[in-house]
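Asks: Given chain A, work out where chain B should sit, using these hints.
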Amino acid sequence: MSARIAAVGVSVVIDGQTILADIDLEIRAGEVLALVGPNGAGKSTLLSVLSGDLRPTRGSVTVDGRDIRDIRHLELARLRSVLTQENQVSFPFTVTEVVEMGRSPWQRTSSRDDDERAIAEAIQATDVSHLAARRYTSLSGGEKARVSLARVLAQGTPTVFLDEPTAALDLRHQEEVMTTAAGLARSGRAVVVVVHDLSLAAAYADRVALVASGRLETAGTPTEVFTAERVGRIYGLPVEVVTQNERPVILPVRAAPSA
Amino acid sequence: MTRVARGITLSVSLAVALLAAVLFSSMVGQLPVTPAEIVGSVLRAAGIDNAWAPTDPIVESTIWIVRFPRIVMGLAVGAALAVAGAVMQAIFGNPLAEPGVVGVSSGAALGAASAIVFGGSLGLTAALGSWGIAVFAFAGGLLATLVVYFVSRANGRTEVVTLLLTGIAINAFAGAGLAFMLFMGDTATREQITFWQLGSLNGSLWREVAIVAPITVLGTVAAVVLGRRYDLLALGERNARHLGVNVEALRIGSIVLVALLTGVAVAFCGIIAFVGLVVPHVIRMAIGPSHRPLLVASAVGGAALLTFADLVARTIVPGADLPIGMLTSLIGGPFFFYLLYRQRKRSGGWA
Numbered sequence: 001m002s003a004r005i006a007a008v009g010v011s012v013v014i015d016g017q018t019i020l021a022d023i024d025l026e027i028r029a030g031e032v033l034a035l036v037g038p039n040g041a042g043k044s045t046l047l048s049v050l051s052g053d054l055r056p057t058r059g060s061v062t063v064d065g066r067d068i069r070d071i072r073h074l075e076l077a078r079l080r081s082v083l084t085q086e087n088q089v090s091f092p093f094t095v096t097e098v099v100e101m102g103r104s105p106w107q108r109t110s111s112r113d114d115d116e117r118a119i120a121e122a123i124q125a126t127d128v129s130h131l132a133a134r135r136y137t138s139l140s141g142g143e144k145a146r147v148s149l150a151r152v153l154a155q156g157t158p159t160v161f162l163d164e165p166t167a168a169l170d171l172r173h174q175e176e177v178m179t180t181a182a183g184l185a186r187s188g189r190a191v192v193v194v195v196h197d198l199s200l201a202a203a204y205a206d207r208v209a210l211v212a213s214g215r216l217e218t219a220g221t222p223t224e225v226f227t228a229e230r231v232g233r234i235y236g237l238p239v240e241v242v243t244q245n246e247r248p249v250i251l252p253v254r255a256a257p258s259a
Numbered sequence: 001m002t003r004v005a006r007g008i009t010l011s012v013s014l015a016v017a018l019l020a021a022v023l024f025s026s027m028v029g030q031l032p033v034t035p036a037e038i039v040g041s042v043l044r045a046a047g048i049d050n051a052w053a054p055t056d057p058i059v060e061s062t063i064w065i066v067r068f069p070r071i072v073m074g075l076a077v078g079a080a081l082a083v084a085g086a087v088m089q090a091i092f093g094n095p096l097a098e099p100g101v102v103g104v105s106s107g108a109a110l111g112a113a114s115a116i117v118f119g120g121s122l123g124l125t126a127a128l129g130s131w132g133i134a135v136f137a138f139a140g141g142l143l144a145t146l147v148v149y150f151v152s153r154a155n156g157r158t159e160v161v162t163l164l165l166t167g168i169a170i171n172a173f174a175g176a177g178l179a180f181m182l183f184m185g186d187t188a189t190r191e192q193i194t195f196w197q198l199g200s201l202n203g204s205l206w207r208e209v210a211i212v213a214p215i216t217v218l219g220t221v222a223a224v225v226l227g228r229r230y231d232l233l234a235l236g237e238r239n240a241r242h243l244g245v246n247v248e249a250l251r252i253g254s255i256v257l258v259a260l261l262t263g264v265a266v267a268f269c270g271i272i273a274f275v276g277l278v279v280p281h282v283i284r285m286a287i288g289p290s291h292r293p294l295l296v297a298s299a300v301g302g303a304a305l306l307t308f309a310d311l312v313a314r315t316i317v318p319g320a321d322l323p324i325g326m327l328t329s330l331i332g333g334p335f336f337f338y339l340l341y342r343q344r345k346r347s348g349g350w351a
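Residue numbers (UniProt numbering), protein chains in the order written: chain A, 1 to 259; chain B, 1 to 351.
Derived from the structure by calculation, the hints contain no laboratory data.
Keep in mind that the hints are not guaranteed to be accurate.
To be verified - Some chain B residues judged to face chain A by a derived CB distance under 8 Å, without partners named:
(1) GLY40
(2) ASN246
(3) ARG284
(4) ALA286
Claimed, not checked - Quick list of the computed label-pair ranges, beta carbon to beta carbon:
(5) B:TRP52 to A:ASP114: 55 to 61 Å
(6) B:VAL4 to A:ILE14: 43 to 49 Å
(7) A:HIS196 to B:LEU198: 39 to 45 Å
(8) B:TRP206 to A:ARG55: 52 to 58 Å
(9) A:ASP170 to B:VAL4: 31 to 37 Å
(10) A:VAL13 to B:PHE150: 37 to 43 Å
Idealized CB from N, CA, C, for every residue including glycine.
So here's chain A without its partners, still in its complex pose (with noise of 0.2 Å):
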């Protein structure tokens, strides 16, 4: 599989602090990599790096071999597309008007005449057909995530980032949401998703980043990445990794309610 985009040696350094070391990572169309660590690991900013929203201190980052910092906004915005954890909006558009902005990069483009059916796609995959009429302000947070998610598939970019797409939803929209990212996968599409929820990362993802402490710690097959020590060692809490449909499943060890 080709490596859409990739990162080479990348250490991001804020105010002298080491966010980010030396972390070689490719994202390669046709499957689903999800990032997954600890809180404070450095999910986002990697996100960040990759989706080219920020320049590494040190190392690079390509897009289909071209250095991103050559590449323009506009371009940019036909290659990749980024849901952000932050989703308001400061006017009351309503919900087709948002969708519909996901379509702006292929203004005065032949692509242009694709607009219609990707924009009823992307509803159709997210679920929110009848909120199409509502005002974006009124929604809920979760209708607001689902909506956020529609404009950005609507975009119909190469590769697609999801930063913690499932964080405001209930379960069965989490499962929805990443059936269609995995849908996207099969499309011949990158995705890339973080999540904090390993057995849903296990369950869709066909590789697993697991970044620890600004490091990446491995990357692989879920069932490479997710064993009951190494995840153990990592969050700091002991797990027990149980196997459903050949796909792991991490549960915290808990103790027995005492009586």
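Replies: Frame of chain A; chain B shown alone:
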């Protein structure tokens, strides 16, 4: 009604309001003029001879030397202020941002006043003429906008409290500056500075209109061209960047645009506050926040509003010409309270 239907209704009503405002404004005054005389005079100026045209040279000069420049100035200034307000709200992501409230207008007034007080001794008045005042007003407005922007923005968001406090500080500073100019200047200068503090369209001249009108038109066109990007900016700076917007360039360009539009308006008509607050807000309620239609409708709405306000200002007290800035603040002030109250209730606090 859908937003499109409301948009059409709004455009028609605004166009009617605008025409009515212009017609009434040209008719009413110390020397009443009939609508037929106005239409006739305009047609004659366009080279079409007709029976309606006024024969009395006093009527003719009242129309062309007193009323028309004042009306066109009102249209231009109203449009400029409303567009400046809408652009400011877009880049601050906040419906409370407005040139008068956050101090851009008083910064521009201070610039203009210093051109008057010091211009003569520096040889500026001779070199630049009416443009000198406009250039200084622009510089003052630009400086104020930059200060507001960089002080009140943090992590890509504007906090309402910081925005308003910055406005208070700038208004206080510019107010003190104007007071100093009052102290320094001679009687004629003092009159002119007082006039700025209150705002008025009285005594507008064609040569001033020739500066204000083209800049308003260019500024409005530029804002409409940037309209789609302002929509994306509503998603937050990071998201706008992910959608291909060069946020830094958009920000700087918009700050210059706001200073330019506010600067020319203030340079010749003084501080006319709240137009940029009320007009975009009402239009957003009617047709939604999409910036292209919002900016166009705000320009027309601002023009109509200020023409009406000026008509009221010069007719409500017989024989007196009230300062229009006083009038707009009288209506705009309570409206601002209402907005503040609503925003506070909705977000549950001042952030």
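Asks: When the structure is checked against the list of hints, which entries are broken? Sort them ascending.
Replies: 1, 4, 7 and 10
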